[in-house]
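Residue numbers (the numbering used here), protein chains in the order written: chain U, 1 to 282; chain G, 1 to 352.
No wet-lab data here; the hints were simulated from the structure. One or more of the hints may lead you astray.
With the Cβ distance kept under 10 Å, some of the chain U side facing chain G (calculated, not the full set) [stated by the list, open to error]:
#1 15
#2 63
#3 206
#4 208
Fair warning: this is a prediction, and the values are worked out from it, not measured in the lab. Every residue gets a Cβ at the ideal spot worked out from N, C-alpha and C, and that includes glycine.
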Amino acid sequence: MFQSESKEIISVSPYRAHPAEIVLIKDYTPLEKLFRLKLPEDVEFKYTPGQFAEISIFGVGEAPISICSSPTDKGYFEITVRNAGSLTSALHNLKKGDVVGVRGAFGKGFPIDNFFGNDILIVAGGLGIVPLRGLIRYIMYHRKDFGDVQILLGCKSPKEMLFNDEVSQWGRHLDILFRCTVDKADPDWKGNIGLITELIPGVTLNPMRTYAIVVGPPIMYKFVIKELLKKSIPDRQIIVSLERRMKCGLGKCGHCQINGIYVCQNGPVFRYRDIKGLEEAL
Amino acid sequence: MVMERYAKISKKDFSKWFSSLEDHGRLYGPKKKEGRHVFRPIKDISELDLNYIPTILPPKKYYFPQKEKLLKFSIKPFKTAKAISEFEEFVLFGVHTCDIAGIQCMDVVFREEPVDSNYINRKDRMTTVGIECLKPCDKYANCVSMGNHVPKGGYDIMLTELEDKYIIHINSIKGENLLHKRPYIKKCAPADREQLDVLRKNKEQVFKEEFIGRLTEVYTAFSKLYKSDIWRDVGKRCVGCGNCTAVCPTCYCFDVLDELEFNLNDGLRYRIWNSCQMDDFARVSGGEDFRPGRDARQRHRYYRKFKYPVDKFNRYFCTGCGRCSRTCMAEINLIETVNDLIGEYRNVSVGI
Numbered sequence: 001m002f003q004s005e006s007k008e009i010i011s012v013s014p015y016r017a018h019p020a021e022i023v024l025i026k027d028y029t030p031l032e033k034l035f036r037l038k039l040p041e042d043v044e045f046k047y048t049p050g051q052f053a054e055i056s057i058f059g060v061g062e063a064p065i066s067i068c069s070s071p072t073d074k075g076y077f078e079i080t081v082r083n084a085g086s087l088t089s090a091l092h093n094l095k096k097g098d099v100v101g102v103r104g105a106f107g108k109g110f111p112i113d114n115f116f117g118n119d120i121l122i123v124a125g126g127l128g129i130v131p132l133r134g135l136i137r138y139i140m141y142h143r144k145d146f147g148d149v150q151i152l153l154g155c156k157s158p159k160e161m162l163f164n165d166e167v168s169q170w171g172r173h174l175d176i177l178f179r180c181t182v183d184k185a186d187p188d189w190k191g192n193i194g195l196i197t198e199l200i201p202g203v204t205l206n207p208m209r210t211y212a213i214v215v216g217p218p219i220m221y222k223f224v225i226k227e228l229l230k231k232s233i234p235d236r237q238i239i240v241s242l243e244r245r246m247k248c249g250l251g252k253c254g255h256c257q258i259n260g261i262y263v264c265q266n267g268p269v270f271r272y273r274d275i276k277g278l279e280e281a282l
Numbered sequence: 001m002v003m004e005r006y007a008k009i010s011k012k013d014f015s016k017w018f019s020s021l022e023d024h025g026r027l028y029g030p031k032k033k034e035g036r037h038v039f040r041p042i043k044d045i046s047e048l049d050l051n052y053i054p055t056i057l058p059p060k061k062y063y064f065p066q067k068e069k070l071l072k073f074s075i076k077p078f079k080t081a082k083a084i085s086e087f088e089e090f091v092l093f094g095v096h097t098c099d100i101a102g103i104q105c106m107d108v109v110f111r112e113e114p115v116d117s118n119y120i121n122r123k124d125r126m127t128t129v130g131i132e133c134l135k136p137c138d139k140y141a142n143c144v145s146m147g148n149h150v151p152k153g154g155y156d157i158m159l160t161e162l163e164d165k166y167i168i169h170i171n172s173i174k175g176e177n178l179l180h181k182r183p184y185i186k187k188c189a190p191a192d193r194e195q196l197d198v199l200r201k202n203k204e205q206v207f208k209e210e211f212i213g214r215l216t217e218v219y220t221a222f223s224k225l226y227k228s229d230i231w232r233d234v235g236k237r238c239v240g241c242g243n244c245t246a247v248c249p250t251c252y253c254f255d256v257l258d259e260l261e262f263n264l265n266d267g268l269r270y271r272i273w274n275s276c277q278m279d280d281f282a283r284v285s286g287g288e289d290f291r292p293g294r295d296a297r298q299r300h301r302y303y304r305k306f307k308y309p310v311d312k313f314n315r316y317f318c319t320g321c322g323r324c325s326r327t328c329m330a331e332i333n334l335i336e337t338v339n340d341l342i343g344e345y346r347n348v349s350v351g352i
């Protein structure tokens with residue numbers, strides 16, 4: 001009369017972490033380092049720019065970290081980490097050859113499929129450049145498949161600029177319009193001074209075919225989005241990535257919740273249209 | 001078509017039957033403790049007390065333990081292994097219909113992809129024996145408004161006390177196995193079924209809805225009153241202790257924590273219950289707090305019962321057990337809060 005129930009133990013745990021060897025470390029600032037990680041050949045690790053991984057150091061814990069490389073970078077992936085908490089400070093103490101645990105990739109990345117054939121405006125504030133660097137690398141690799149590409153980059157001071165080796169190249173690319181601004185300049189700074197919001201009015205764009213991708217500190221979104229809407233970019237074409245405390249990555253633990261949605265599963269990348277009604281989002 | 005199945009057991013055989021359940025796994029049931037009741041392992045039927053109002057903690061501690069191993073690891077060499085190789089069969093005996101509703105809520109959460117293997121491994125080894133409440137428990141419960149004062153599935157068998165016997169509703173093959181090969185378990189006669197129908201009818205006279213409006217109105221009030229002053233008032237009284245979430249049968253937020261052995265190389269990764277009422281719950285390492293204020297955190301708790309899961313799972317995550325109100329040191333009362341919201345919603349609607 002009844003269906004019998006399965007009693008097999010489910011042995012694949014979503015909490016299992018895979019070993020990834022640190023094959024390269026780059027110091028960008030006293031607080032921020034890039035780590036290049038290599039997983040064993042038999043571990044499948046597929047991702048799109050904008051997704052994140054849960055990085056483990058056993059005994060210390062686990063933290064959600066943005067992936068800053070592009071799937072076009074074969075054989076490894078990269079993260080760039082600010083020394084800010086217990087896991088990240090332990091990570092900063094590791095050396096080349098050390099092993100960390102990796103779960104993921106998790107979440108929804110940038111909707112690149114929608115970006116193809118359109119113009120791209122990237123607005124990066126502070127650490128927001130970290131996930132966007134992966135997207136920029138992807139776009140550069142497939143450059144001809146996109147329309148105009150503009151990058152606006154803002155940070156507190158020239159000293160805090162991440163990826164400066166790559167950033168200086170972006171400035172030289174003829175097929176990318178790159179502008180950079182700092183809140184506070186050094187004597188030898190030749191770029192803009194001021195907030196990133198101030199760069200947007202001067203941008204020339206076709207709003208109907210432009211995707212604006214904005215990542216930065218929480219305070220930045222309100223002001224930048226306001227400027228983008230003034231440029232008549234539709235809210236479905238404004239893309240943001242939101243930082244939250246994502247403990248499990250599985251949509252269960254509750255820490256990353258924004259009203260009814262889980263950032264680790266439904267995000268971290270969202271269309272502004274989909275979150276503008278959520279009180280806890282921006 | 002699957003037929004509903006009923007059986008019955010005379011009270012004089014109850015003890016014999018209870019002892020025989022040991023064969024189906026370790027028995028847990030309600031037991032007296034310092035004037036309250038708690039779920040505990042039951043070794044002898046004399047410890048069991050089925051005449052109880054909701055226990056201090058719901059039985060979730062058995063299928064979603066307060067501290068649970070997730071992963072075994074060693075640092076050098078990097079190794080991971082299953083933390084739990086065996087999950088034991090167990091019987092939850094004498095579970096109220098409100099707590100069974102809680103189990104059903106947890107099910108939809110942990111069975112949703114990506115599935116939670118720990119939860120499912122435990123839950124698959126659990127047998128649930130329910131007991132129907134025949135009188136309302138106290139002023140804190142709101143099970144009638146939630147529709148959880150009567151059995152609605154989610155159990156293997158359900159017991160309903162009827163004079164000198166229990167009527168047994170069989171809801172699964174696991175449940176059937178608890179009754180199999182026991183000659184003292186009798187078929188239910190049509191007269192018994194009629195008696196059960198009368199009992200349910202009589203219950204309607206005694207069990208009264210606690211909310212001043214129906215659930216659809218509660219949902220609408222929540223949808224409209226996110227910015228209500230009611231949340232400020234609740235937040236002012238809240239002391240942020242997190243008792244309400246610990247005792248809630250549908251709260252499942254957790255944190256993950258590593259513990260090392262003395263050799264500082266091998267260890268275990270655990271998950272432990274966590275509470276959205278803690279002020280660091282939504283704080284990230286950069287220092288940003290994405291849900292500051294006890295008012296916002298209390299509102300979040302309520303919305304996780306009456307709004308968000310309704311949108312996502314089509315299910316209210318309040319079971320009506322009343323534990324959060326019963327345990328609150330600041331006497332924040334769920335029935336009052338919900339009724340205040342309905343009241344305000346009605347006033348606002350009239351105003352428009």
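Hints and how they fare:
Interface hint at residue 15(U): satisfied, since its Cβ lies 4 Å from the closest Cβ of chain G, which is below the 10 Å cut-off. Because the beta carbon of residue 63(U) sits about 7 Å from the nearest beta carbon in chain G, less than 10 Å, this interface hint is met. The interface hint given for residue 206(U) is violated, since its Cβ lies 35 Å from the closest Cβ of chain G, which is over the 10 Å cut-off. Residue-level restraint check for residue 208(U) is violated (minimum Cβ-Cβ distance to chain G is 32 Å; threshold 10 Å).
The structure fails to meet hints 3 and 4 from the earlier list, while all remaining hints are met.
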